[in-house]
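**Student:** Kindly generate the complete structure, drawing on both the sequences and the hints.
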Amino acid sequence: MKMKRIIALFMAAVMVFSLAACSQETGGAQDAAGSGEETQSAADSEEAQPAADSEESTISKEAGHFKIGTIDMGSADATSAPLLNQLRTTVEAMGCEYVTATASEMSAEATIAAYQNLIAAGCDGIIVTYGQVNADMMAQMFDDAGVLWSTYWYHFVEGTDEYEAVMNSETFVSSTYEDDVNSAYWAASELGKKGCKKLCMVGLPAGGVTANMRDEGIKKACEEYGMEILAEERDFSLTISSAGGATITERFLTAYPECDGILIAGMTQFVLAGVVQTLEQAGKVGTIPISGIDFNEYQFDYFDRSALNSIIGGHFCGPTYSAILMINQLNGTPLTTDKVQIENMFIELNDPEEVQKYADWLENSGTIYSADEISKCLVANNPDFTYDDLIEMANAYCLDDLLARHGN
Amino acid sequence: MKEKKQINMKIILNLFSWLSLLLVIALFGVTTKGAIFSSYNMKVIFSQSVLFMIGGLGLSFLFAEGGFDISYGSVIGFAGILGTMLTDRTQNWIWSLIVPVVFCLAMGVVNGLIYAHTNIMVFIQTMSISFLLKGLFTTMLGSYGSYKVPKQLIFMGQTWFAVTALIVVGVITIWLFNYTPFGKHSRLYGTGKDAIVQSGVDVRRLKFLTFVFSGAVCALVTLMSMARAGQSSTGLGSNFEFNVMIALTLGGMPSEGGTGSKIQSVFIGCLIVALLANGMVLLGVNARLQEVIKGVIFILVLIFMLKIKEKSEAL
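Sequence order for the protein chains is A and B.
Note that the working numbering has the first sequence beginning at 1, numbered continuously upward.
Note that the working numbering has the second sequence beginning at 409, numbered continuously upward.
Mixed in with the good hints, there may be bad ones.
Said to hold, decoys possible - Using C-beta positions, here's what the derived DEER-type ranges look like: (1) B:Ile701 with A:Asp144: 25 to 33 Å; (2) B:Trp568 with A:Glu363: 53 to 61 Å; (3) B:Ala514 with A:Lys193: 47 to 55 Å; (4) B:Thr498 with A:Asp144: 30 to 38 Å.
I should point out that these hints are in silico values taken from the structure, not numbers from a laboratory.
In this text, a Cβ means the ideal position worked out from N, Cα and C, and glycines have one as well.
**Tutor:** Structure, rendered in structure tokens:
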């Protein structure tokens, strides 16, 4: 009897909630709860896909108040976390709302679901990595929804199908990419300069533009310095964790006692701890230098212990540049009418003094570009800001630039 | 008195999943001010659920038997990559259609034979196959990140095809599960393996057919996944089986299978999962918190269902 009463009460509560829900105005996506402001995009249009009437909706919105979405991959490492923090700072500094969806498993289905949910949430622009879903499908999805989109950490090579797909997309804004040939060349060269000849390598999974470009850079450095890659490990299930890094290094040391250098050509943010720990246990710290691509949160400690020889990373700003382009475009003051690909610079660390300066900056500062700096990139606030200024800003990015703007 | 209490517990178990679905709909309906009911959003929820519904229907017999297929996602990935790779090499789109179908069916047969004729735990069996396939398709990809799906197959990613596929697979599965000895025996096997063996049922044939059916449905899921993504890569089918498992559990399917297994769990569970993900993004919930909330809900549901079941059995 008691249980029946509980069920009856529960069902009554559900009925009340349902009635309350049905009595609300329906339509497209709404503001996220807590923003307190109403967007006038698809919220007022009944059957339309969110932002389908993008021209009307952007003009009717309060200048600068748009929703910019991205996928949070669920990683808080030294490469992903600063990127997302900087993007959030950028979006909010330009008066917009920052919305995230999760796709922590990075499957094609999860990625598509995340895009769809961001569109349904009323995002006016979406900034994402590229890889799980074909460019044609992405272009179609975003074009149909009338939502602007940009990618980061990916270079669309001219002449390929995916390049044609993004350039023909009505809503594609920009892509940002890194010079992975040179970053890998630099990382490998640092080992060459140390006198290393027999390297073991931890790499990205084979395939894809990034991995191929890094392989090209490594090959160039090996030829120049007369180095040989004895072994490489690309298994994602190992390179995704420090435990995996330890396993990989143990195998290297066992199978290749002649190894005199370890190159981590990606995933350094995950594997470095395991690699260093294994070298320490084997008494090889300093004897076998490590050079890596992608920053790691404990890198300063490893430099202090002479475990890490050199590292290149800090390429966090790609989504920020895309957001600046996107929000200015949404605001009716586009910096350019072309679909562009902007190079994202790295920070190179191999000198103890520079390492210390960067560590000090990181401890004392917030983001690479402050909210004040970003707000000046909105043409509505600063009519003198141009596309050339954005490119200059991107090209200037390096340790010296960082310290000059925010250093001690 | 005891009988009444037992009946109450069974009613709660049966209604729990429906009530959960209604509660989620009502909760997000209110908090998003009706945004989840927009036609676009309903379409989004459907498109995010349909593949897992179809896959869940294919796996329902194995789940009812108390088993689970960890290799499902890897089979999807491998079949997709192999088919599109051959298309890329031969420039003939037909391989992207034939190879996934043949491969998924073949894996259904292989898994079925192992499941039927050995005493290996199905979890271990399928996990081993998953490792094998993942290693193979990573090797196969080589220096390519992905292979494009030919445009002749893209129609399989469209809504009308998804609706049609869901109806066809749904009708067949409901008929098989509820109205044929195959479905009845699957549920009985989950309830008591020894009893069903003693009752003269050809258990080997039952177990073999379970995976064959799953393999056939997997072929359709593979083609639809490929069409939706437009390419085959390492992300194709990734974690598919775990998403189905979460959906089935949230939908009220007992984790140990048995006579309490119901097909409705597939539909309800998939909708709940899609609504949760969609609703939280609409609300602007931080992405990190979304994962925490999903995990908490999943654990609470599991605990609740286990407690109710324990109480029912104690009576």
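**Student:** None of the hints should be skipped; say for each whether it holds.
**Tutor:** Do the hints match the structure? See the list:
1. B:Ile701 with A:Asp144: 25 to 33 Å: holds, 30 Å
2. B:Trp568 with A:Glu363: 53 to 61 Å: With a Cβ separation near 57 Å, tryptophan 568 of chain B and glutamate 363 of chain A satisfy 53 to 61 Å, so the hint holds.
3. B:Ala514 with A:Lys193: 47 to 55 Å: holds, 53 Å
4. B:Thr498 with A:Asp144: 30 to 38 Å: holds, 32 Å
Of the numbered hints given earlier, the model fails none.
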